[in-house]
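Heads up: the protein sequence lines correspond to chains A and B, in order.
Numbering follows my numbering, with no gaps: position 166 of the first sequence is 166.
Numbering follows my numbering, with no gaps: position 181 of the second sequence is 454.
All the pointers check out, no bait thrown in.
Okay, derived cross-link-like pairs now, BS3-like style, lysine-lysine, Cα gap no bigger than 30 Å in a straight line: (1) 260(A) x 317(B); (2) 231(A) x 264(A); (3) 129(A) x 207(A); (4) 227(A) x 196(A); (5) 330(B) x 264(A); (6) 441(B) x 43(A); (7) 26(A) x 43(A); (8) 264(A) x 317(B); (9) 317(B) x 122(A); (10) 43(A) x 406(B); (11) 264(A) x 303(B); (12) 88(A) x 131(A); (13) 224(A) x 348(B); (14) 26(A) x 395(B); (15) 317(B) x 123(A); (16) 270(A) x 317(B); (17) 444(B) x 460(B); (18) 54(A) x 144(A); (19) 196(A) x 88(A); (20) 146(A) x 234(A); (21) 317(B) x 181(A); (22) 122(A) x 234(A); (23) 317(B) x 144(A); (24) 395(B) x 300(B); (25) 43(A) x 317(B); (26) 406(B) x 45(A); (27) 260(A) x 348(B); (28) 317(B) x 88(A); (29) 317(B) x 163(A); (30) 346(B) x 264(A); (31) 460(B) x 330(B); (32) 317(B) x 224(A).
Just so you know, the hints here were simulated from the structure itself, not pulled from any lab data.
Treat the numbers as computed from the prediction; the structure is a model and nothing was measured.
For reference, the chains in residue letters:
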Amino acid sequence: MKTTLSILQYRDIIDSINVTYGINLKQHAMSSLRQHLLIVMEKSKYSNPTLVAKGIKEDKQFLEQIISCLYCEHISLFRDPAMWRILKPQVIDTLPKSVQLKIWIPEVSQASDYYSLVIILKKLGLLAKSKIVISDESRINLDKCKQGEIDSNIINTSESNIKRFDAGDDLYNYVSQSGRKFYIDKSLLKTTIISKGGVLDIDLPFKPNLVLFRNKMIYFNPVKEQKVINKLHKEIVGGGILITGVKEDISTFEIRGKFKIHNKDEQIYKRSY
Amino acid sequence: MAVQRIKYIVIGGSAGSFRGVTKILSKIPKDYPLPVILCLHRLKHVRSGFVEALELKSNLPIVEPSDKMNIQKGKIYLAPANYHLIVELGNTFALSTFDNVNHSRPAIDLTFESSARVFRNKMAGIMLSGANKDGAKGMRSVHINGGITIIQNPSECQARTMPEAANKITKIDHVYSVDQIINYILKIPYNEA
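Here chain B stands alone, though its shape is the one from the complex (with noise of 0.2 Å):
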């Protein structure tokens, strides 16, 4: 699999992903180059303590885009509470209150929707635990426009629904457990992966 074209890391996650994100987080080093954007279900009304408790565990600052910031290598971004979080042409984020999408706001389809059509071959998306079917099909989009799609093994998920949901709909590049996740991201960088 040609992984020298990867540019870029999106991860989403639900239900049972929080331990998941967080070993992720702790292993990627502070030079890691790339980008991480990381589209994660969470409260609507709770906009702080999210971001401070993956920082516990991450070598990197975590940042909550406001609209219209600039995507820039190195940096670990969150989808913000409440607002859907949506990759536009020129490679900036944008935000809206679009209704919910399966129920969610942020909405994991929305985002790997956007960076699919934004990044193109150049992404590699991530999907990790959780309980209902949102980014399914933002992993097919990834997957139609040539990104590598890479879901958490459902046999060590909490919730294995949106893994399973993404397999049933679109092929799946890798099928890996979190352990195997990490190694994969720290070495697309190196072009070891």
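If we strip away everything but chain A, and leave its shape as in the complex, we get (with noise of 0.2 Å):
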């Protein structure tokens, strides 16, 4: 049978989750969050709004597999390549040249973006001299950063997004299997500090100049969104780079003496001075 929410069902359920563990899901985007309780729903035992009622008060795992999953990304390694391209003659290359690499991704979520960036950065031979945090509301998620874990549903397409950034090189020169799964070079994880905590709440160790932040706004409302813009602005450095999914134009929220259009096509933003 098709598993059902209704409006009131679900808002029930984010009520539930704020009263039970002081998490506040009000200010994401409803038809994402209820489609990814359904989602989840259909997958645990806890199959109709009356049992996740009842998952939720007694089963601190279930509500960690809804937070594992907020942001209900299916993405490859490489996504939108087009903008891997330009990362090192549009981004890294305008930050001056002094200065160490510093960089956050929040939300890190399933680290498609973070395993590309080290990489990435590892080809460039910049790896080492790179400070990169990665931080997450999920312990799930960044357990399995911490591992390399890459979820196997995305291998193919990573592998052909890694030809199409660049012909002459391999997936495998990376990334190796192990039974059903595959991991990262785990050497390419090793200065990497990991943080619990959502892009809001978090404390960084250090300013970042450059934050990757793809596909992640998506999901929140438009009050969220320019509360992250808010908290972003106040974390990069001036002239810092940020940057946000292809589809994620945060230049219609107010963002006037905050950042600027770097690149349009790509939605990549520098923090103005």
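Both chains are sitting in their own frames, so use the hints and assemble them into the complex.
This is the structure we're talking about:
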């Protein structure tokens, strides 16, 4: 039978998560979060709204499961190869030469952008000289990142994408298989700082000059999106770069005096000084 | 059929639909007052070229909506590559990177289902040629929510699976050729369909 969730039932679940765990999901985009809950319900033993309410109160693992895929993403490594191609000439090379790359990837989720980034930095000989912090609300996601785990469903597309990015390269130069699981070369991850917390709550160990925050704001409502833009402005150093998803046009929000468009096609923004 | 209520046109298509879509677009006049939302299966990794190919035939510019963009009258919207296109309460678009649905992103089912929830009986859902079952469940949502369901006549489709799948699981109000679909779309704003 098809799982269903009315808007009222959806609101009850969100309220219940807030009351039970103090996690406020009211500022997530409703259609997406509702769809996400439906997927979680279909895959779990809590298959109807009454059972979900019970699960939230009694089963913290179930809540972890909900939080771990809040961004519902199914994103391959090197998604949007054009963006990755211009990362060096239009982003890294525009930062002052003497400045160390300090990168923040909030809501790292399934880590596709994180893994893509460390591969590129390795190829450019910049990985050892860079500082990277990844953060997420979900302990499950952060543990997977620590292990370098890659969702097996994205391997084939990732293989094709890396060739589109660099025809001479091969994903398996950086990825190995163990049983049914795939892992990125752990040596690429060893300098990364892992931090638990949502984008609005996190205290960073440094001020980043590059933030990768692609296809995450699509899951926020406009109120939270503006808050996140303000937070990113507060954290990124003057002249630093923010990269959002190619269909996340933050120029429709109040960014005057905060960010300027650096590359419109790839939605790359430069923080004002 | 009371068509005066129709304020939104949503069209889904896949294999074999390009010719039908461009024919429809070529007949929609510059001053057409309703929004037309297209969810067409397309290559995920190719972001440019498709809009331009459609615009060659269209009298109106084709817009690939950004997330949270308002839906406006008289615009033609195309689901962007590698995102699902969802209609949100408040008549805005939302994009998502959910897993593929029916092996597709954008998935026609998600666009139809979300449109049906928001537009209810004010929409017409039109299913063109295609080679899988994506969109069939969405058409059922359109019907359940009081919208009008139209499929391209399978006998003129290059790939008939999609319209036939919709016809199998829900009540279809009209089975039309592309020319009849064009007539219908053009007459809706003037209450003549």
